[in-house]
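A.B. asks: Working from the sequences, and respecting the hints, build out all of it.
Using the numbering used here, the final residue of the sequence shown is 264, and nothing's skipped along the way.
Hints in this document: simulated from the structure, not taken from any laboratory.
List of simulated lysine-lysine pairs, DSS-like, C-alpha gap at most 25 angstroms:
1. Lys227 / Lys217
2. Lys104 / Lys249
3. Lys167 / Lys71
4. Lys89 / Lys238
5. Lys126 / Lys111
6. Lys206 / Lys167
7. Lys104 / Lys89
Label-pair restraints from in silico Cβ distances:
8. Ser207 / Ser163: 20 to 26 angstroms
9. Arg105 / Gln145: 20 to 26 angstroms
10. Asp91 / Thr70: 28 to 34 angstroms
11. Ala99 / Ala73: 38 to 44 angstroms
12. Asn86 / Arg140: 18 to 24 angstroms
Even glycine gets a Cβ: it sits at the ideal position worked out from N, Cα and C.
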Amino acid sequence: MNQLCKPLQRSILSLTVTIFAFGIGAPTIVSALDNTTTKVGSGTAKISSFCTKLPTTITTIDANFSSRITKLANARVSADQKHAANKTKWDSEIAANRAMWDQKRQTNFTKLEAKGTDATKTTAIKAYEASITGAVDSMRIANSQARETYRIAATNAMTSQRSTVDKQLATFQTAVIAAESTAQANCQATPNDGSSIRIVFQAALKSAREAFTSDRKIDTGLSVQLKQLGQVRDSAFKTSSATYKAAAKTARTTLQLAFGTAKV
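C.D. replies: So, in structure tokens, the structure goes:
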């Protein structure tokens with residue numbers, strides 16, 4: 001039963017890995033531009049190729065960013081749908097497993113009841129059945145609560161992590177827009193100085209990307225949280241199982257006393 005919840009942790013982490021791959025090829029795009037200049041009319045003013053192509057470069061960079069944002073949003077939707085489908089599957093498997101054990105337990109009870117040859121034994125058997133049924137119900141309730149607590153906490157952790165990523169992306173985008181605006185202003189002021197403007201622009205984009213990548217690398221809280229939550233859940237499963245086994249042993253011992261030396 002414990003294994004049924006662990007795929008949730010793995011699927012959440014897989015989406016996080018996808019986010020780590022998020023980047024932008026802006027510095028590469030910018031470095032590919034040449035620095036040649038072009039005369040304007042019969043005057044002496046010149047416009048560098050970099051400044052001439054800057055609007056197209058910015059459009060490409062922004063489109064690349066928007067495309068990746070869309071892919072991230074789609075990945076989140078797919079992950080949520082997968083989680084929901086898995087939850088339904090796991091709950092169905094748990095229900096089927098419980099039904100199977102209910103049937104086996106009832107079969108054993110029926111065989112045991114056949115041994116109730118007098119009032120004392122019959123009463124002891126009924127008490128035993130009630131004890132076992134109660135112990136099973138208590139274990140299931142405890143397990144269901146532990147499972148639901150884990151799911152809620154895991155979902156909250158994922159929501160928080162997504163919020164962190166969104167803030168990091170917003171910071172990244174702000175830095176990129178600032179770099180673009182600076183390059184545009186510089187090209188308007190000194191259109192013939194494409195080489196210097198390109199270097200500054202490229203450095204600003206690189207800095208923005210590296211800052212984002214650094215933030216993503218140190219954002220390891222989700223994996224740690226999920227691991228801890230899984231440990232708490234599994235510990236609760238072990239406790240409920242141990243409690244059930246102890247109750248079942250006591251019930252069995254009490255039943256045996258009613259039968260004396262006869263084998264139950």
